[in-house]
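A.B. asks: From first to last, the protein sequence lines are chains A and B. Residue 331 in the numbering used here sits at position 326 of the first sequence, with consecutive numbering throughout. Residue 69 in the numbering used here sits at position 45 of the second sequence, with consecutive numbering throughout.
No wet-lab data here; the hints were simulated from the structure. Glycine included, each C-beta is placed from N, C-alpha and C at the ideal position. Treat the hints with caution; some may be incorrect.
[What the hints assert, rightly or not] Pairs of lysine to aspartate or glutamate residues, derived as EDC-like cross-links and limited to a Cα-Cα distance of at most 20 Å, are as follows:
| id | chain 1 | residue 1 | chain 2 | residue 2 |
| --- | --- | --- | --- | --- |
| 1 | B | Lys92 | A | Glu716 |
| 2 | B | Lys92 | A | Glu247 |
| 3 | A | Lys658 | B | Asp56 |
| 4 | B | Lys36 | A | Asp728 |
| 5 | A | Lys658 | B | Glu54 |
| 6 | B | Lys92 | A | Asp725 |
[Stated by the list, open to error] Examples of chain A residues lying across from chain B (beta carbon under 7 Å, computed):
| id | residue |
| --- | --- |
| 7 | Val126 |
| 8 | Gln130 |
| 9 | Glu226 |
| 10 | Ile289 |
| 11 | Arg719 |
| 12 | Phe720 |
| 13 | Arg723 |
| 14 | His724 |
| 15 | Lys866 |
| 16 | Ala875 |
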Amino acid sequence: MTGYAGDTVASALYGAGVRIFGRSLKYHRPRGLYSMEGESANTFMSIDGIPNECAETTELRAGMAIAPQNVRGDPRRDRFGFLNAFDRLMPAGFYYHLFHRPQFLWPLFQSGLRRMAGTGVLDLQGDYGTGVRTERYLNADVVVVGGGPAGMAAALAAGESGLRVCLFERRRQLGGQMSWRVRDFEGEPLYRRAEALAARVRAAENVKVLTRSLATGVWGENLVTGFTVGTEDDPFRECHWECRARTVVVAAGCMDRPLVFNQNDRPGVMQVGTAWRLARTYGIRPGKSVAFSVADDLGLEAAIDLDDLGVRVRFIADARESGQQDRAVFQALSDRAIPFFPGCAVSRAVGRKRVRGCVLRSLKGRGSRRFHCDLLVANAGMQPRIGTLATANARLAYCAHTHGYQPTELPPGVFVAGSMTGLRDPRSIEASGRVAGYGAAVWCGDRAKSGARAAGRGPSLSPGRASRAAEAAVREAKALPGPPAGCGIIHAPAIGRGAKAFVDLDEDGTYKNVKESMARGLDVPELAKRFAGFGLGPGQYRVAGQNLAMIMADLRGDPVETAHATTVRPPLGAPSIATLAGPGHDVHKRTPLHAEQAARGAVFRRAGPWQRARHFGDDPSCRDEIRNVRTNVGILDSSPLGKFRIHGPDALKALQRVYISDMRKTRPGSCKYSAMCNDMGQLMDDGVVVNEGPDDYYFTTSSARAGATVEWFRFHTRHDGWDYNLVNLTDALGSLNIAGPNARRVLERVTGANVSNEAFPYLACRRITVGGGVEARCLRLGFVGELSFELHAPASCVPYLWDLLMEAGADFRVRPFGLEAQNCLRAEKGHVIIGTESEQRVTLTDIGMGWMWDRENTVSKKVGAPALRACERQPGRLKLVGLRVEEGAKAPRDGTLVVDGEKIVGYVCTTRSSETLGWQYGLALVHREHAFPGRRIHLCHEEKAGGRVTSTAFVISPHFYDPRGQRLRS
Amino acid sequence: MTFRLTCPVCGKRDVYEFTFGGQERGPRPEQDGLSAEEHFRWTQFRLIPNEPQEEWWYHGQGCGVWFKTTRDPGTNREVK
Ligand SMILES: [Zn+2]
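Same shape as in the complex, but just chain A (with noise of 0.2 Å):
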């Protein structure tokens, strides 16, 4: 297949002689090119290898792969075509109420129904992420969603006035409908009008321009989102972006109102505007000889276009009986021998996989009619595009003029203009943009007054200037003519039984499908659209809304103007989930000693923000790390870990309402460990907190709460209006661990201070001078159960630090040791990882840490402490135990359940096999009728085949390794 360059998929198919172009969802009926805006599914497709791509959207490029979806073979003759003649038995809603009883079916039925309804294909192995997907963020005085001569006219207007204006436009070219009539008018034709408009919308320097661009939708306070398609200039293949408007003029034009009647659905039944592109934006004759049945004078318009260009028309039927307003085209018309037929309206196509001819009727009589054709242009008239204004919050209710949905009430900074207001006259269309740009600078004008804008951007066009503007441009406006009568009609005639008339295309929702909603009760749009799907499709509301609204009004016998359309959702259409997803950027925090651990075969992974090393060298069980610490030396990263300085003073009180611990207790040279609870006695946060001088405090988080730590402190103090400062330091300073029996032997070599057990205790902090001149704090912990130290020094020193160390430990073999092996040096020890032993159903006393609470401390209203004593002996609670796994028993694994019979009674939350006290050790959270030493539990493992089987474990004390702490204090 061939195209010319600005060819859409569908209109190169179209002239490449293709009719039928996909099937229908429900009954696989052969669907044509109805629209060339992708308003309904008819012409999905799979372009390469990416299903439910729009043919008539998407603009073709050299080598791609099109293939036809939802059809068995080829669309022409699709082998589920069958289900057409069985329509009887699928009434609306017949998903739901025929497939959903009995309940075990139902998966059976469903995998069919995907199979055989299923849009599309997804290529598990395909590689859908190629291209960059890319998102900007704009600010913007006006954003005009539509490039019409409405929206250009609004964005030179507003852009005159010296306002920053974004104008997006989902055509590949400006102009809108307006680029494709070639009548004259004022001298011209139309065509070059809009050109001319789009040459100075181009050349306005503030006003930028997004062409391939739709607008999705219109959120609070005015902020507006699209996305733009890229072509192969542009550095993306999709961008999607989010606009904070101080004004959205929606300019969003009108589409088709779909007629409804018998078999409208057929290859060859098309949109006014589908026929009139194909001819005139494309160049391909779109039939030989063709009908028409509209409602509008664009639609005679277009008839008597396509008759210039020598394509046959068969007849006009205009359902209009009069109130047809421009005088040219009337006359036009009668200058043609064109048949035409006021009051008529064609009533069923003719042809099964394409039209071969009509039924025309009168819409009063009973006369009937004939046709042969290969073309039908059917519409029911215009109808807005409301969908921009239904997401702004517009009010919106059915005109009885203009027989479409109109605004009766716009959000603030919203401004509406041109052919979706019912205008048609060109000049009245592009004055009324001119209204909206001119009332759009007034209203940033008075913003500006109002002292809400920005300082420094002013617009040039004063608040005065830009409202006598506007004023002019109202005057000007009025002048014109106003919309004209639109046509209220409902439907063709004889849609009675038998009859196939669609309503929406997506869904196979046909008028029957209305009347067996309405005869279940479901007498308005909203459960319509649930019961039978109308306007859940690809297409959403646009096709199928007005009419269902129309229809079922007129079904209950209510007046038309009671008709309320189902809610409008965001977004409008549909960027690609790659583009929603973001450009998938890895973004990570690398601490100060990547470099060294990378070279000394780390392997990382991701933990919170950081890529932090998990083990060295390709062990991932860590078996040689663990013993080298419990036995010889290790050194750790510890670099993520959360360190604050907090001084002032009110700092400690600031410390008693967040630390459950009696923090007045804190020593110059000594580390106080503490932990943060939440208000429901939860275990947030633990570390330890160094006094460092009067009202100056140092104190460290888990790294996982680092980035939480500021807003935590400020929240729990946030009525107290005390004075003190919080300093987070966490990425200033780096940190390392020494810790094994051999830790003190490594450090002395490198520092002069003493750091002997005497001079430099457990839980000591002091600041030394290491390898000649770093400045490093020095805290003695043991989170580990070892002998260690944590210096803490600024990051640009650490690499230095762990160099010297490295080298000074050479003799002993010294060797890193990464996250996992931390991991069971400190389970070996039942220390808790928050998150891991804890969790929400937990309190601090639940995980044996309960001695930390300064319980007699009323006064500093620390965070947690009343739910701490609520729930000190509540029944039914879980505690936190060390099991041992029978020899010999299966092992467990991290999050294996505790069953006592049928009964969930806790669950393991970290268990290895321990080389160090040579069984399998295991932290759980357990029943506290069954935490107590010695008790014999039952462990539940799930077998890949299915079944379970049990395993015995005993419960002990969680401190498994050296229980009096020796090691650590030696």
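Place chain B with the ligand on chain A using the hints.
C.D. replies: Just chain B with the ligand, lined up with the frame of chain A:
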């Protein structure tokens, strides 16, 4: 959902720069003689009014201040 909030330090900013801190429900109650029920009422119970309420917000992606503002949850807009 998207709206803007006025940080007392940074001015109007997008809501995704902020963390919600809940309704203003007065200072932390005195703990002397505080019953469990009173405590849980203060920490857990929330009104869901369809009218402007005082709320706490944290400008975490900005200056790091906790501030109070009055916002209508029905429209998501701050009210002056
Ligand atoms: Zn701020």
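A.B. asks: Hint by hint, where does the structure go against what was stated? Just the numbers, ascending.
C.D. replies: 2, 4, 7, 8 and 10
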